[in-house]
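Asker: Sequence:
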Amino acid sequence: MASLQPIRGTHDILAEDHRLYRLVMETAYEIAARYGYQEHSTPIFEFTDVFARTLGDTSDIVTKEMYTFADRNGESLSLRPENTAGICRMFISNGMTQQLPLKVFCRGPMFRYERPQKGRQRQFHQIDAEILGVADPLADIEVIALGAHILEALGLMDRVKLELNTLGDTESRTAYRVQLVEYFNDFRDKLSEDSLIRLKKNPLRILDSKDKGDRVIVEGAPLMSETLNALSEDFFGQVKQGLESVGVEYHIEPHLVRGMDYYCHTAFEFTTDTLGAQGAVLAGGRYDGLIETMGGPRTPGIGWAAGVERLSMMVGDAPEAPRPIVVIPVGGDQESQALIITQRLRKAGFNVNLGFSGNVKKRLNRANKANAVAALLIGEDELAKGVVTLRDMETGEQSEASLSSLEEHLARYR
RNA sequence: GUGGCUGUAGCUCAGUCGGUUAGAGCAUCGGCUUGUGGUGCCGAGGGUCGGGGGUUCAAAUCCCCUCAGCCACCCCA
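If you use my numbering, the first sequence corresponds to residues 844 to 1257, in order.
Some hints could be false.
Claimed, not checked - Subject to a maximum C-alpha distance of 27 Å in a straight line, what follows is the list of computed DSS-like cross-link-like pairs (lysine-lysine):
no.: 1; residue 1: Lys1205; residue 2: Lys1228
no.: 2; residue 1: Lys1055; residue 2: Lys1043
no.: 3; residue 1: Lys1053; residue 2: Lys1043
no.: 4; residue 1: Lys1228; residue 2: Lys1204
no.: 5; residue 1: Lys1190; residue 2: Lys1228
no.: 6; residue 1: Lys1055; residue 2: Lys961
no.: 7; residue 1: Lys1083; residue 2: Lys907
no.: 8; residue 1: Lys1044; residue 2: Lys1055
no.: 9; residue 1: Lys907; residue 2: Lys1043
Source of the hints: derived by calculation from the structure; they are not laboratory data.
The task is simple: from the sequences and hints, build the whole structure.
Answerer: This is the structure:
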């Protein structure tokens, strides 16, 4: 039994879910295309280093959630836990520096070894939008506006809230970090165990803690906004202003930080309270130093990722499956004719199903279950007259349709 | 990695003071209708009671282990 189950945290995506996922992904893709983003794909696995070096050795994703294994050459490989590192690697590998600014749309499966729960699986799917090569806040504004546009198109805006923060540039963040450590050091005996570790490795993340005790302490912590240098403050100001000018509402969330180390300046997250404990629906930020860290030319970047399963859960209902016209040979002798007609109609652009076996009753029954719009009954009598019987499956009305002009008779079922 | 709840037919679920062949609804298949679906009537098939071990004359029911699902912590999309 164990071997016939899918691996924990993975599942088969059946037809209905696929329709829903496609709706989400296609909507996102089409809108991104309007903004000039083109779809790219990177492999679902990379040298482990691609993720380990970029995500930072403090992130949980790298330290305990990656599927890492040695291939037959002993090379350490990992299934991608997110897409940004891969995109930056693609940018460097393909020498795409001449194509800047580069707007990338991606979609595909990601893998994280986590305990599954609502809105969280070990294999899940993300859509992704990134702009490489634009240091200007206009890029931040565009990328966030794109995210908002997609959420709006999916009808989710009323259940989603945009949280916005800045992490500042390196100078501001370093200064802030010093302040934070100083502040939290006074509460060493009161901080949660996790946060004590964070204090050493990545103090900013204490701000994000859900521990009740921590939260009280965090209340009194100094704010990033107080240590921002002029440049960072100006940058953030432009982002906010730009968002206002295009009508994207946001809420400043001073404690919003990012899990990955490579982020700077703008950090944002569209969150919801409709997905249980999983709040983040579409989240991202600016990562100006990332490509350089990987060994590429100094190239700014900003982007976001969104969980397809999470978006789908919020959208709720899957679109209906396409409704076919069903071709039914009345007897065995008409089967070859039925096949020819079926194929002819398919080539003419109709959605057509040829029932595979059984008498008329069975085939009609199956047509009904397939939610057919119409059935074409092809029997001896019909063929003798050069017609088929066209049955509307909604009304039950039947009429004769001449074989020569079948396409016209069926026009309304297209 | 930690904690709570759950696991009986394809699906949703009954069934536990342990006791003969484990039930229902829906779904499936067949018939009433050998050229006509959706509603009706009749009938049939389908279950290692998640898996393993233990207690017992006897286990779906009690105990232990394990796997999986859900939810939460954690983390994040």
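Asker: Hint check: Lys907 vs Lys1043, CA-CA at most 27 Å. Holds or violated?
Answerer: holds (18 Å)
Asker: Is Lys1053 within 27 Å of Lys1043, Cα to Cα?
Answerer: holds (18 Å)
Asker: Under the criterion that the straight-line Cα-Cα distance not exceed 27 Å, is the pair Lys1055, Lys1043 satisfied?
Answerer: holds (20 Å)
Asker: For the pair supplied as a hint, Lys1228 and Lys1204, confirm whether the alpha-carbon distance does not exceed 27 Å.
Answerer: The given pair, whose Cα atoms are some 23 Å apart, holds under the 27 Å limit.
Asker: Take the C-alpha atoms of Lys1083 and Lys907, compute the straight-line distance between them, and say whether it is at most 27 Å.
Answerer: Answer violated: Lys1083 to Lys907 is near 35 Å, above 27 Å.
Asker: Can the restraint linking Lys1205 and Lys1228 be considered satisfied, given a maximum Cα separation of 27 Å?
Answerer: holds (25 Å)
Asker: Would you check the hint for Lys1044 and Lys1055, treating anything up to 27 Å between C-alpha atoms as holding?
Answerer: Holds, at roughly 21 Å.
Asker: Straight-line Cα separation of Lys1190 and Lys1228 no greater than 27 Å?
Answerer: holds (24 Å)
Asker: Please verify whether Lys1055 and Lys961 have alpha carbons no more than 27 Å apart.
Answerer: holds (23 Å)
Comparing the model with each numbered hint stated earlier shows that hint 7 is the single one that does not hold.
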